[in-house]
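There are 2 protein chains.
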Amino acid sequence: MENTLLHPDEALAQAGIAFPVDERPADIVETLNTLPAEKAAGILDGFTAERAIEVLDLPGLDDAADIVQHLPPAKAVTLLQGLSADRLTDIFHDLDASARDSLIDRLDADTRDSLNRLLSYPEQSAGSIMTVEFVSVPGNWTVGQTLDHIRKVESTRETVYSIYVLHPVRKTLQQAVTLRRLIAGDPGAPILSVAARRTPITISPLASREEAARLISKYDLLAIPVVSRSGHVLGIVTVDDVIDEIVKSGTEDAQRFGGVEALEEPYLRTGFGEMIRKRAGWLSVLFLSEMLTASAMQYFEAELEKAIVLTLFIPLIMSSGGNSGSQATSLLIRALALGEVQLRDWWRVALRELPTGLMLGAILGVIGMCRIFLWQHLGFYDYGEHWMLIALTVGAALVGIVTFGSMAGSMLPFILQRLGFDPASASAPFVATLVDVTGLVIYFAVAAAILTGTLL
Amino acid sequence: MENTLLHPDEALAQAGIAFPVDERPADIVETLNTLPAEKAAGILDGFTAERAIEVLDLPGLDDAADIVQHLPPAKAVTLLQGLSADRLTDIFHDLDASARDSLIDRLDADTRDSLNRLLSYPEQSAGSIMTVEFVSVPGNWTVGQTLDHIRKVESTRETVYSIYVLHPVRKTLQQAVTLRRLIAGDPGAPILSVAARRTPITISPLASREEAARLISKYDLLAIPVVSRSGHVLGIVTVDDVIDEIVKSGTEDAQRFGGVEALEEPYLRTGFGEMIRKRAGWLSVLFLSEMLTASAMQYFEAELEKAIVLTLFIPLIMSSGGNSGSQATSLLIRALALGEVQLRDWWRVALRELPTGLMLGAILGVIGMCRIFLWQHLGFYDYGEHWMLIALTVGAALVGIVTFGSMAGSMLPFILQRLGFDPASASAPFVATLVDVTGLVIYFAVAAAILTGTLL
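Chains A and B, in that order, are what the protein sequence lines are. Add 1 to the 1-based position in the first sequence for my numbering, that's all there is to it. Add 1 to the 1-based position in the second sequence for my numbering, that's all there is to it.
Next comes chain A alone, as it looks inside the complex (with noise of 0.2 Å):
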């Protein structure tokens, strides 16, 4: 055939690719992600479609939804349709809008309204990631029933081992039985009877992933029900889609503590625009305020010429600051993140930090104080007549700037808490660049406060 598309196999040698018949799907995944989402589409063709949606359905794969469009129509439809719900759903987010409304008309008619109510969850929602493929049963049955209807639906559950069980006439949520109680009981007792003392842990639909994450990890569960207001269960969340939430927000987290924008894809398979565009914006952000710093420099030239002296402890200082406004942020994003600080908490926080930020400023400020004393007795340098003046100034600068350090970068998360953005898009060069611009001025006035009369 002489056309620009492979067969499979031809797609599979080029690639130099060949699976054993017995790789796990993880290690296929893993193997495709280094690919083009078209040779990945090749290779997913090629498959069994038993293996295809094996591999399809692993959150790990990326460009799930590129792929899936790169498949003949016909196959990508059979290929979805095999999906668990919730992965199905994710990967409808990310399709192209014109793909996805052509393919959603060809899903069968349960698929397509089990879909559609899934994708009317905002996309960072437990809604959004839970799946609708768990057990329920009313609470008039026995164990034994229970046990005989898992055997039965077994195979087309995400998972079967917490037994949700529902008011026999309301069908809202009364108990969460797991498998492992249930095994263990006598299969002519009650469901109810090998319930858990306590009502279930449950999470609206309109929660965030995290705060599923949150729960789940918590109180140890293997599933969380998503229950709607009126008592009814929505969907299931597991553990497995908690861990990769976890990890990937992990991720984007640390990513923009960074100062980046978090990326959607891995580092290498980012491509070269993406790779700007998602660190250029910050980056521009971040040098036009801290272009107040030539603002403040110009203001206080007068000085400067007077005693450039002072400008030789300007970087020095400024990165202090910046430094540990740097390390209160992480210390308080993590905080925030885990629960451990609430936004009302902020007063303790700051009642802490002003002692902490003084204690570090006057460590700093005496090995820069020795600092210069050494150098102007070994003879390294001539700080001049008013070298004790020097001195003093660079130890009151760096107590004073590594307090505000320290108080600026830990009531940041507070404030953009409050604000209503994620406490984690405080970046450390963010907290810097606050902090440089202040500490330049309070370098200033501090000298100003020390050398007036005699250098300045």
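The set of hints was computed from the structure by calculation and includes no laboratory data. Hints may contain errors.
Said to hold, decoys possible - FRET-style restraints, in silico, Cβ to Cβ:
#1 A:F381 x B:F381: 34 to 40 Å
#2 B:E24 x A:P37: 53 to 59 Å
#3 A:R349 x B:A450: 50 to 56 Å
All residues carry an ideal CB built from backbone N, CA and C; glycine is no exception.
Based on the hints, put chain B in the right spot on chain A.
Just chain B now, with coordinates in the frame of chain A:
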């Protein structure tokens, strides 16, 4: 009684805390975490042994070792014997040597033996977080025999959702069976007929806990068997332990990236002295390194005196280098942690960061030059007759410094990993400091090249 020790009820009352009888252990833990260890011990002592064990068994309880040391020894022994093996090991790792010795002798022989075995694994290893309470059956059993066995041992096992099938004679691991496949199976069928098609994913006891977390997360497992070189199952690591591990290591990484030594306790529970120690160390090291900037400035003092206008841009230019370095470091730390990038990929990364850095530097360089043009033309500031050369100096220096920042920031995690350190020990302040000194040298070198003969 006229003594300083409080009766448990008094301790509870004095702390103003009364737990409802059906309060969840995880919620009790949250409250205990806000109390000093002595008070928490008093409250635990007032609980029934069963309830106290449930609470102490949760890894979320900070200071568990401290709390145990504040319990009456007989009570401590009762509670410790009731804990799961992995949690017991965890607590013993944190006990003072004297408490450890006195308590270990009072444990029953079985608990002591399993504890000693687990304590022999290094603290960050999979062996140290595994539990020995898992279900294993010989490979010649039937599905029904296995189910009967699980019913009997269910209450003494941490998880029964993965069942390990051992060679009937050699007792080595043959297969893993999930409980869901087991209950769906025919009771008369041999156990191996419902086993997974693939050989089970296993981990060595000496592998890192991060590796256990990575495997469980990648293959969506509920537990991973820890297998000796001879093929015997030593224990299992369960998904809930792994979630705690992922969250904990995420926090440590975030704190380290912010330039703080990882805190052992939540922010608000870390004492003032401890907080200073965790922050002052790095801050002082960074400060001492940053002193090189003062030395560099002294070295270029002649140039500074001739062209004071150059000093105006020092903070701006240096911070841009630090920011681009911080971006690159955060991207690479995370890519290395997730295995998206391997040590051997360093040159690929270098080949990407070089053009990225040049491009980002060019963007900032153009913005910086525009600023100088604008200020000059709008009359905000007079940069003198050579203002165009100054603009050129700033622009060229930014290209050089941002490129250097991106390269240094991206290579640092590789260098640390190559030297056997955790790549995540690279912090934003560390990168900024590294780039600051070089940044100054680049700036003055560019200035010398462009301005010698005019301003210099």
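For each hint, the structure was consulted:
At about 39 Å, the CB distance of F381 of chain A to F381 of chain B agrees with the hint of 34 to 40 Å. Taking the beta carbon of each, E24 of chain B and P37 of chain A are about 54 Å apart, inside 53 to 59 Å as hinted. Distance hint check: the CB atoms of R349 of chain A and A450 of chain B are about 53 Å apart, consistent with the given range 50 to 56 Å.
Of the numbered hints listed earlier, not one is contradicted by the structure.
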